[in-house]
Each structure stands twice: as C-alpha cells, then as structure tokens.
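J.: Given the coordinates of chain U, work out where chains F and E should sit on it, guided by the hints.
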Amino acid sequence: MSLVLELKNISKSYNGNPVLKGISFALQKGEVRAVIGENGAGKSTLMNIIFGMPVIHQSGGFEGECLIDGHVVNFQKPQHAMAAGLGMVHQEFMLIPGLKVSENIKLNREPLSSKSFNRFLPGKLKVIDNEQIHKDSLKALQKVGMDLDPDQLIKGLSVGHLQFIEIAREVDHQNLKVLVFDEPTAVLTESEASQLLNTIRHLAKDLGIAVLFISHRLDEVKEIADTVTVLRDGELIGNYRCEDLDKKEMARLMVGRAVNIRRDQEQESPNARQNIMTLKNFSVRMPGENLQDIDLEIKQGEILGIGGLAGQGKLGLANGIAGLMPASGNVIFEGQAFSLNDPKQALQNGLGFLSEDRKQTGLLLDESITHNICFTASHVLGRFQNRFGLFDQKQGKEWAQKMIKDFDIRCTGPEQHTRRLSGGNQQKVCLARVITANPKLLFVSEPTRGVDIGAKKIILDFLRSLNQQGVTVVLTSSELSELRVLCDRIAIVASGKISEILLPEDSDERFGLAMAA
Amino acid sequence: MRLFPKKFSVRDLAVPLLFVLLCLVGVVYSGQPASFLINAIVERLGRNSFLVISLIIPIIAGIGLNFSIVLGAMAAQIALIFTIDWGFSGIGGLGFAFLLSVLPATVFGFLIGKLFNRAKGREMVTGLITGFFSNGIYQLIFLFGAGAVFPILNADSLLPRGVDENGVARFFGLRNTIDLSAVQYALDDLIALPRPQGIVIPYGTFLVIALACLFVWYFRKTKLGQEMKAMGHDQHVAEVAGINVNRNRIVATIISTVMAAWGQIIFLQNIGTINTYNSHEQVGMFAIAALLVSGASVSKASVWNALFGTFLFHTLFITSPLAGNQLFGEAQLGEYFRVFVAYGVIAVALALHAWKGKKN
Amino acid sequence: MQKKILKQFIEFGIARSIIVLFVIVLFILAILKDMQIAELISDSLARIGRNGILVLALLPGVRGGIGLNFGLPLGIICGLIGMLVGMEFDWTGLSGFVSALSIAGGLGVLAGWGYGVLLNKVKGQEMMVGTYVGFSIVSFMCLLWLLLPFSNPKLIWALGGKGLRVTISLADYYPKILDDFLSFSIFNVTIPFGSLLFFVLFCFFVSLFFRSRWGRAIAATGANAQFAKANGINPNQTRVWSAVLSTVLAAIGIVVYNQSFGFVQLYTAPLLMAFPIIACLLIGGAEVGRATITHVILGTVIFQTLLTIALPVTSAFIGGDISETARIIISNGIILYALAGVKGKTA
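Protein chains in written order, with the working numbering: chain U, 1 to 517; chain F, 1 to 360; chain E, 1 to 347.
Excised from the complex, chain U in its bound form (with noise of 0.2 Å):
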C-alpha cells in the first residue's frame, strides 16, 4: 500500500465565502477516486488547489496540507505540479489543431537532438529530435489502446480521438502518478466512453497510475470507482467504498438539503390550466448548453423551474426561445406560431428575457441606470419617447427613480453608471428593465448568481409577485433550493434532453437522479 496523494484538512474561502470546508481523502496507487457534487460544490476549487492554480494564489491560498509521496507540496504553478507527476485530462480539449498528433503529446516536452553541433548550443536552440518525438507519442498512443498515426494532424480527428491524444499525452509524462479527469465522458458517445473507462481501468491497475474521476455520470463512477468522495456546498460529506453505496444513495447524499418553504396559497393545479407556450421538438446550438429536440409545455400563469447540471443544456432553452442561440423546432405563443431566431419579434410579442449573462447581456455597463432600465421598453415598444421622437430624459428619469425605490437599488441616483453597481444591484437593474417592457411571459437565468443575500431576498420575492400579477415566470437556475422554493413545477434538463419534470416537493433522490441521467 503506497499513498500517493494526501489531503488533510483543505479549506479555502475566497474573500471572506468559505468555498471548502475541511476536505480530507487519501489516494493510493492504482486506485480510481469518484469525485462527485452538484455544480458549486467545490471540485473544481479543489483541483485549482491540487495543481497550484495561479487563482489560488491571488486570492489568498488555502488552508490545510497536500501531500504527495508524503511529502507536503504547495505548487506555485500548474507546471511545478505536472513535473511532480500530477497530470490533468481538462474538459474542453488543450489540442492545437494545425499541428501533428506526435507533437501535440510531446509539447514544451520535447526531446532534443544532442548530435554533431547542438552539442554546443543553448537547450532551446538544439534541434528536436522528430525520431523520437514520433517512438514516444506512439508508445504513449499504445498505452491508452488508441491505434492511430502519430504524424497526423490533429485538424480533422474525431472528438473521441482528441479525448484519448489528451490521455496520452499526460501517460506520457515519466513519472505521471496522478492523473485527474474532469467529467471526460461528456462529449463521448457511448462506445467512446465505455473505451475510455476500459483505458482507466488499464491505467490504475496495470501501470499503477492513481486516477480522480470527476462526473456526474453515476452509472460510469458505480462502474469504474474504487472510492467515492461526496462534495456539497464545501463541505466533505464523505468518503466512501464505492460498493457501499447505490446510485440512489449517491443521489441522495450529492443533493441532499432540507426544504423547508413551499408555496404558502394552495392553487389549482398547473397541469389543468392553458398552455402559454408549447414547444415541440425544439432544438437550442448554444456551445457547452445544447438542447436536442425537447418537448415542453408552459402553462399559463405558473412558474416554471429548469434545473440541471452545468453544460447539460438546462440555458439553452431560455437563449433559443430569446433569440440569442440558434434554435429550431415548433414553437406556439399564446395560439399562434411563434417566430425563432428573431429577438425584436419575440420582445414585441411580449417576451422577457434575463439573461444568465448580467454583465455581457444583461446592462450597457457605461451608460446611466436611467438609459438601462428603459432601453427596452423605449426601444422595442417606443415608449419614452419626446414628439421629435428623441428619448426623453424626464419621463425616463422619472420612472427610473420609481424603479429604483420599488426595487431598492443602492445607487448614487439615476444618472451613475451601472458598473459602479454591486452585483446584486446590477442584476436589480436588468430586472427593472425587463418588466419595464412589461412581458407576458418572462424567462429568468440564474436571477441570484453572485447576488449577496438581501439582493436575492427581494429579487425573488418579485418574481412571485409579479407572478401573482399574471406573468408566467420560466425560472433557470443552478440552485435546486431556489427552484424548489419558488416554483410551482421543475424540469430538469440532462444531456440536453428534459429527462424529468418534477414537483418540489419530489425527495432528493429522484432529483439527484434526474439531474445524473
């Protein structure tokens, strides 16, 4: 038994938040580790701190001990942590294109030409020896089981062939002890991803290499994991042998969180009312955030929730219905077809649209709160308009007090700039200018993102009350508590297909579920 990697105690707060709360586990050689956790959880703060990212460093550090071989490390740079033999299979491929597969595995790593006059000359003017460049990449290609030509360019390969060159290119690393793999089966077809599980499994236990699995892919870590290490909000849940536990029971402990407040007024229910929109085969291009041919009905004066795991789609549906993505499918407004890929249209028809995006989407960042909040309404409806047909300052300015009263915008008055704003400010002004335009049917992204509390207290408390007036409300968010708090019914998107609609009061097992499907 040799313990390759150690942590004990790891926390890290990132400006006072707390982000990881005494995170503890052991890696020993050949073993497979499952990292699992809802977005938020923590993982990815824990791999920052693992390689030494230069985030870490800039705010501050953490707390607690990594220990590699035993001995205590605390890498000031990714690259300090490769050399002693952490590697990292990312999510979007490190590949360049343009250039050969050989040289892609053996970059910044490649071996050097002693002969005849390099001798003589400084390392980086010695020629590369293109030989061995190729026997390496070949050899390393062979160890993940992949038969492909080194000398080939990368441009053209299949998104399973780039995973793998990815793989090989940290086994090639001599001393490679580590080796992390952030959710890898999420753009892999099923085959693809059974061989690439195959190829893990060959590395922990014939090469001895200590593997840490990140997914959300509960069916792959019951299949490939020795251990199970359970993240939620920062803290350690636990670690656990992977047969101890079910998928059920994976679930449970991933989401698991008290819901407390319902809906207080009983209603009719959703399913018996009108549909405002009714979507059928509905199709969302947005990179990371694809929706493949949903089906979905949203009735008349509900809120709906869309949940789901990061890059799982859940964003795409409000983008496409917006306008932003390229969507395609069927689409009925209110009776009639609705138009896609027209964003004036859909704002005419009486759309809102928040976008998840507050800052690149969401506010002109240099022009006042004034200009901010009635954009929309000015633009797409012509309201505050003078006869000349200019904008007019008064009326603006005027409803724009009356918007940051209603809304309690801390702010200087009308005319500050709203990137002075805080977060929760700013995101209080996208809203103003949204309902402004008075919609029929508002679609809301991640409403309380980066929003300190009292922001995200008044935030949705309009959102129910303006839902109270008669607006239809489609609610995306990452946060399931949120969701679950505030909606009437959720669906949750996987692998961008809806693969659950559920009540909020539906136990964390099926939505722990529902989101891993």
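Treat the hints as calculated values from the structure; they're not laboratory data. Careful: at least some of the hints might be erroneous.
Below, a list of computed lysine to any residue pairs in the SDA-like style, where the Cα atoms sit at most 20 Å apart [claimed, not checked]:
1) F:Lys221 with U:Gly123
2) F:Lys221 with U:Glu131
3) U:Lys344 with E:Trp214
4) U:Lys124 with F:Phe215
5) F:Lys229 with U:Pro111
6) F:Lys223 with U:Ala83
7) F:Lys356 with U:Gly98
8) U:Lys8 with U:His71
9) F:Lys223 with U:Pro111
10) E:Lys229 with U:Gly350
11) E:Lys229 with U:Ser339
12) E:Lys162 with F:Gln332
13) E:Lys33 with E:Ala310
14) F:Lys114 with F:Pro104
15) U:Lys77 with F:Glu239
16) F:Lys223 with U:Ser114
T.: Same frame as chain U, but now just chains F and E:
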C-alpha cells in the same frame, strides 16, 4: 526542406497566379530586352530578399505581419551613418555596420515586443503606428540633434542653419542624402565569379541571403522554433503547456528587427546613398507586399514565399512604369499602379485573414 | 467638488495633460517673444472650423463599435469627387458648394454601406483593414485622377500633361464660402463664423441623432453588441449604419476643409489624413471604444491650437522648422498611447 506546401488550395494559388499574369503583361509590354529585365530583377532580388525574409519569424510566432520592421531599417541607417562618419569603408566598414546595427535593433525589437504584448490582437496596427511614431523621433534626432546634441565628425554632412547672435554660421541636422560610395557594392561584389551573359550577379549578397534562408529553416526545427509554431497556432494552449509566450514573442520581434536592420544595410549598400529621412519609410510596406503576393498570409509564410514573392513583386515593380509608358504614354500611371498593387494586396490579405479568423 | 475635478483630471490621462500643458507653455512663450497673438488665434480658429467635421466623422464609428475609423480616406475621396464634379461644370458659389456637399454625401452613403458590410466580415481587425482599405482606395484613385475624362482647363494640367492637377485652386469657385460667412474681427482676431457655426450645428445634429431610437441602437451596439442583440437590434445592421454615417460625415468634412483651405488636393494627399484626425479625437480624451461630442470639440481645439502655435514659436527658438516633426511625434504618439493603453480585445 519541403519545396512546396503539401496541398494547394485555390485561394493559396489565386493571388500568385494573378501576379504571374500581371508580371507577364508587364514583361511583354515593357518594350525592353530580356537582358535588361533579367539584370534589373537579379539586382532587386539581391537588394530586397533579406528584408522580406525578416518578416517570417514573427508570422510563425503568431504576431502577424511585422509592420514595425521600419525600426530595423532605422537601426541600419543609424549604424551606417556613424560607420561612414567615422571613416570606415569597404567590406570591413560594412561588417562594422552590421555589428553596430545589432545594438539599436535589439533595443528597438525589445521595446516593440513589449508594446506588442500590451496590444495583443492588434499588433499590426500598433506596429504600423509605431513605425510612423518612430519616424518622428528619428527625424528629431537627426534633423535637430545631429551636430547639436551629439557630434558628427564630417561637417559636410550637416545642414547650414543661418548664423547665431555672434554672426557665426550654425550647422546642425543631417543633410537629406548621405553618400555611401565608401561601402557601395562591398557585399554584392565580395565574391568575384563570372557574369554569365553579362548579367551582374551579386554573389556575396546571394550567399548571405542563402545563409538567412538556412537560418530560418534551421530555426523552425529547434525547440524555440517549435514553441513559436505552437503559440502561432494557439497561444492559450501553448501557455497552458508551460511555454513562456510573452517572452518568446519578444524574442521573435527582436530577431525580426535585427534581420530587418541587416536587410536594410544590404539594400543601401546596393543603392549607394541613404535618403536620410525617407529611405526607411516604405520598407515595411514593400517587404510585406512582396511576401504576400507569393500567396503567404498573415499566419503562414516560408522562405520560399519570401524569395518567390520578392521575384514577382519586383518584376511588376520594374515593368509597370515601362508598360504604363508603352500602353498609355504615361509612366506615372504605372508608378501609381504598382503602389496601388502593394496596398491592395496587403488590404486583401488582411481582410482574408480577419475573415477566416472570424469563421473559425 | 475638488475630488471630482481631480478624478476628471486623472481620467483625462497623463499624456493628454502633458499636451495641454505644452500648449499653455507655448502660448506663454509666444507672448514673451512678442509674437502676433491675434494672428495665431485667428489661425487656430480657422483650423478648428476646417478640421472639426472630419474629427466629428470618427464619432459614429467609435460609438457604433467599429472603432477608430482608419478608413476615413474613403469618405474623403467621396468628398473630393463631389467637389470635382461640380467644378468640372463650373458650378460656383453657393450652388457649387451645396452641390459638392450633396454629391459627396450621396457617394458617402454608397461607399460607407459597402465599407460597413466589409467591416462586418472582419470583426476584430477593423482598424487594420480600414487603414489598408483607405490606402488602397487613395492609390487606386491616383490612377483614376489620371484617367478620368475631366476636361475643364482649370482642373487639368495646362500643357500636354494628362489628368487632373495635384492641387486645384478654388479661387474661382467657392473659396472660404463658409469661413467668410458673417465672419467678423474682434481685437484683430478674425472669427471664421460660418465654419464654426457649421461645425457646431453638425455636432448638435449628431448629438440629437444619438438621442433618437436609431442612434441609441447604434450606441448600444458599440457599447455591448450582445446586449443590443438581446434587445432586438441587429448589430450587423447598426454597424453598417455607423460606417455610413462616418463616411458621409468625412465626405462633408473634406468639402468644408477644402473651402477653408482654398485648394483641392488630389493624388497622395489624402493618404495619411486619417492619422492626425484620429489623434485630434484621442487628445480630446476619447478612447478606442468611447468618445463623446465633448471629446471631439476639445480635441480639435487643443490639437489645432497646438499645431498653429507650435509652428512659429518653436521655429523662433530652435532656428529650424520642427513643427512637422512635432506633429508626427504627437499625433502618432497619442494613437500609440491609446492602442497600447487599452488591453487588447481579441475577437
């Protein structure tokens, strides 16, 4: 060494083909005997190739077309001005100028590299403006500083500037032209070999150009060359792999600037005079246009592009005024035409590059 | 209040503050040297009226998100053609001037539209492509100035030469038609009232335009294209509009410039014209992605005053004409400062 890229696409070939056609028209309508044309083209190949080759390494490193090689040319002129002023001559003098130019060229290259790192994504426009800006500084130094702030030994090269309060004639600022006859053809004629059909072949210069080609070819195979190639394709991935991208970009800019300085020295030793305030101005534009007519792009170029491009561009350059005169009775027309061609080919290459970059 | 002033000063930037100080120092020197202050001020006023609209032409580009419009020569060429057509037919005086403006504007719409479509295809490289489109057009027009069948003897070379002259006098057409309109003198300072009025009027119209729905859509695109799209604006379309507007203003601007200057300059004259004009805007406090009418006016005033005063003052002190050198250094230096100062926005 591979002679040609593996695959030709229509787009790769369209520009050079168009130029071959233009050149043919130019040659046919120039009304000059073949011997005249060949002589002129050979001379210009020797004169210009080195400058064009100096553009290649920043392209490999992903910086794009280095519009600031103008500063390399200035470094060359600074070196030559002092070489001549201190009385050096012949191949020894020229060698001294080569060495001397390395100093300012390295400093300039370093500064430009720093600047490019600050203006990532708009290196080319920054390089262009840097060229203009430095031209002003250069003017300030030589038009007002020479002879006033720092000494110029040879009083004949200074401008007369009236008289001071005591009635003594004042001299400062360099004259518009500086005679380089002390070093003219020192490199071109370094190696005396027979002249076939009376064609003057600058063997010495051709040898140096061959060495430059060899250097670039070798450089691409080194570790540093491979790093630059990787960052040229994808800076982010290269950075993640631990390559020091910013430092390599500075190194690439320095190499390019020093090579440009040497290129300009070669150019001027052939011409035989320095146009103190103008010789460097158009260097960037003509070198870049020459490279691009061969079908090279903002992100891809080889020594073959440089040599072939120089050949095509200067064939057109020589023949277009002649053809303009023959066809329209107006040499001026041909001169305007070749300038238009230079700017046009750069505009098209830049647009295609941005267009392609956007699609990816 | 003090804090606010200090903050504005910092925002104005060190480089710009140095330039303003430089102007003030030159001004004091000029007084000390007993120079013709009234004449100097008259000169700078004339130059402000002359250049103002050209500087203003950059505004729609910056606000609309195509950046500093280095393709300004395109509009300038449209303006030159507009003038030459009228001059060929000997349209003089007001009618000549108005016809020049109208033809210039019309051509500007067409050229700006094409230019805008091109810029949409090269997003992220607008400045570089714009520069070389400008260079190419100017050098292409060199061919056309030689070849186009103009026949009015006032325009073409007198003896045997082919094509249009390099410099054509406006003396017989509409010299200083705006400058002299209601112009008056006060303390020996000549106020080119018409030109200044024209400049102020255009500034006013442009600022009104940016309060309209259309103008606000353009500005929103420039500030945040994704925001614009989410609000039902087609960013590609608004970008084309801003290119059109910029080109039209440049076309009108050069007509105004030439009437004040008294000559039409052809061939390579417009080649480098964009750079000092861009420097004007930047000296006024604008950035690659942000500009206001105040920047336009302030920049024009500071830069043109600098040029008019620098010329006689420095010449008097140094004994050589350093003004051209200073102009090159300052105008390109300030552009470089702006390019390197902002972190690169890679597309």
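J.: Look at each hint and say if it fits the structure.
T.: For each hint, the structure was consulted:
{"no.": "1", "hint": "F:Lys221 with U:Gly123", "in the structure": "holds (13 Å)"}
{"no.": "2", "hint": "F:Lys221 with U:Glu131", "in the structure": "holds (13 Å)"}
{"no.": "3", "hint": "U:Lys344 with E:Trp214", "in the structure": "holds (14 Å)"}
{"no.": "4", "hint": "U:Lys124 with F:Phe215", "in the structure": "holds (15 Å)"}
{"no.": "5", "hint": "F:Lys229 with U:Pro111", "in the structure": "holds (16 Å)"}
{"no.": "6", "hint": "F:Lys223 with U:Ala83", "in the structure": "holds (19 Å)"}
{"no.": "7", "hint": "F:Lys356 with U:Gly98", "in the structure": "holds (14 Å)"}
{"no.": "8", "hint": "U:Lys8 with U:His71", "in the structure": "holds (12 Å)"}
{"no.": "9", "hint": "F:Lys223 with U:Pro111", "in the structure": "holds (9 Å)"}
{"no.": "10", "hint": "E:Lys229 with U:Gly350", "in the structure": "holds (16 Å)"}
{"no.": "11", "hint": "E:Lys229 with U:Ser339", "in the structure": "holds (16 Å)"}
{"no.": "12", "hint": "E:Lys162 with F:Gln332", "in the structure": "holds (10 Å)"}
{"no.": "13", "hint": "E:Lys33 with E:Ala310", "in the structure": "holds (13 Å)"}
{"no.": "14", "hint": "F:Lys114 with F:Pro104", "in the structure": "holds (15 Å)"}
{"no.": "15", "hint": "U:Lys77 with F:Glu239", "in the structure": "holds (12 Å)"}
{"no.": "16", "hint": "F:Lys223 with U:Ser114", "in the structure": "holds (12 Å)"}
Violated hints for the displayed structure: none, as all numbered hints are satisfied.
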